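Visitor: Top to bottom, those sequences are chains Z and B. So the mapping is simple: our numbering equals the position in the first sequence, first residue as 1, plus 159. So the mapping is simple: our numbering equals the position in the second sequence, first residue as 1, plus 11.
None of these hints come from the bench; they were simulated from the model. There could be a bad hint or two in this list.
Stated by the list, open to error - Beta-carbon label-pair distances, calculated as ranges: (1) Z:Leu317 x B:Arg76: 48 to 56 angstroms; (2) B:Lys86 x Z:Thr280: 46 to 54 angstroms; (3) B:Ala30 x Z:Pro202: 35 to 43 angstroms; (4) B:Asp63 x Z:Tyr255: 40 to 48 angstroms.
Note that this is a predicted model, so its numbers are computed, not measured. Here a beta-carbon is modelled for each residue, glycine too, at the ideal position from N, C-alpha and C.
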Amino acid sequence: MNNLSQVISFFIYLVLQVVFIRHWALFDVAFCFIYISFLLFLPFSMNLFLMMLIGFVTGITVDLFYDTLGVHAFSCVLLTYMRPYLANLIKPSGGYEANMKPYLSFMGFRWFLTYTVLLTTIHHLSLFFLEAWSMNLLFFTLSKAILSIVFTSFVIVLFQYIFYKEN
Amino acid sequence: MRQLFLFLYRYRFFFTFLAWEFVCTWLIIRNNAYQSAAAFTSSNQLVAYIYDIRNYFTSYIALPRMNDELAQENKKLYEQVAFLKKEIEVLEMNKAKQNADFLANYEYIPAKVINNSLLRTKNYLTINKGRKDGIEEGMGVVSNSGIIGKVKACTDNYSTVISLLHENIQVASRIKKNNIICTTKWDLLDYREANVLEIGRHVNLSVGDTIVASGFSEVYPENYPIGIVKTINYPKSNSFLEVKIRLTADFASLTYVYVIKNKKQNEIDKLEKAIKEDK
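Please build the complete structure, drawing on both the sequences and the hints.
Guide: Below, the structure written as structure tokens:
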């Protein structure tokens, strides 16, 4: 049952990303990559091998739509690899319990915001610099990345309030 | 040996991670190469199909604007027809057929843009015509107002086009009024503007001059407009001008484009090959 809902949410996020959010760009520089929330919300207990595989598949699917073969996949694998270490870094005083899910309603606002911003930062920085493929326009790329981090994180948190409330 | 296995086991996640990232990096490098397999681009059947569906719905919203544009274009075309009719009379009188021959060399294949990007450093378009319609890799793509790009990959029904807004694209161009050759390259910052390189300081150039395709590459028709000079800088440390143009093609609202088929491409290729072999 849980697996099924993960698969469904994979498709929902993907369609949302490539059909609707693809053309969102605040001030022409801030982009929203909402699909990464699918990777953020995978269960804590998931095996890291499996998680990296899912990261790769998610990334490569988005790449197909963006014509950036490998770029999103790279960032997603990086995100999934770093996830357990970061989660460990910011673990609550009692550690993680078996029934906990990485949602705002379970973990509280402060934990959730830290978690989202940190992982989004890892994903977006690697994404924008891989896409630029050089250190030319360093400041321009950096500003695009930072504004997009703010934008994506904001939308992810917003979605938590709207869609994940009943949990 | 046991130590080695223990070591590998201990860092098993890290090594898997490295392996994945290696695969990704390989894909990126391969995709950055100019040509790549059509299966892994947006002209991939499934991906293009999804874009097609989305486009089916969104195109209704754009209809009023498109009507306007078409009406404008029609008006221009009527004017051109009138102008060309006169031109033909003159040409026939002079028995100078060269110009007409030149026009006969190119075929314009109309196509609809089903996907477009503007804000990345490597931008692509997807169009709804492919190999079945006679499109091949390397063909030029233009809109009614200016140069758009070059076909990167095609499947039977769709093609991916490298936009002029791509860091690896350069267009052989020249200044219309005095035929001085130069190169146009996107500035990576603004989808409305591009840089023109390799114009010497001595060249007479002023704001408002038109930059057109030189036709050397045989990809774009000669004299097809690219942009209009917006600013000119005279840098102290460089013998070339820093020229910025405003692109005549409006990339933000592209709906229809034309793929240019050079009917004499085979002959040209043959000639160029002969020259290479001669060397």
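Visitor: So, for every hint listed, does it hold in this structure?
Guide: Cross-check of the supplied hints:
1. For the hinted restraint 48 to 56 angstroms between Leu317 (chain Z) and Arg76 (chain B), the CB-CB distance of approximately 31 angstroms leaves it violated.
2. The supplied range of 46 to 54 angstroms is met by Lys86 (chain B) and Thr280 (chain Z), whose beta-carbon atoms lie about 52 angstroms from each other.
3. Checked against the hint of 35 to 43 angstroms, the C-beta distance between Ala30 (chain B) and Pro202 (chain Z) comes to roughly 24 angstroms, which is inconsistent with it.
4. Take Asp63 (chain B) and Tyr255 (chain Z): their Cβ atoms lie about 45 angstroms apart, and the range 40 to 48 angstroms holds.
Hint compliance for this structure: hints 1, 3 are not met, and every other hint is.
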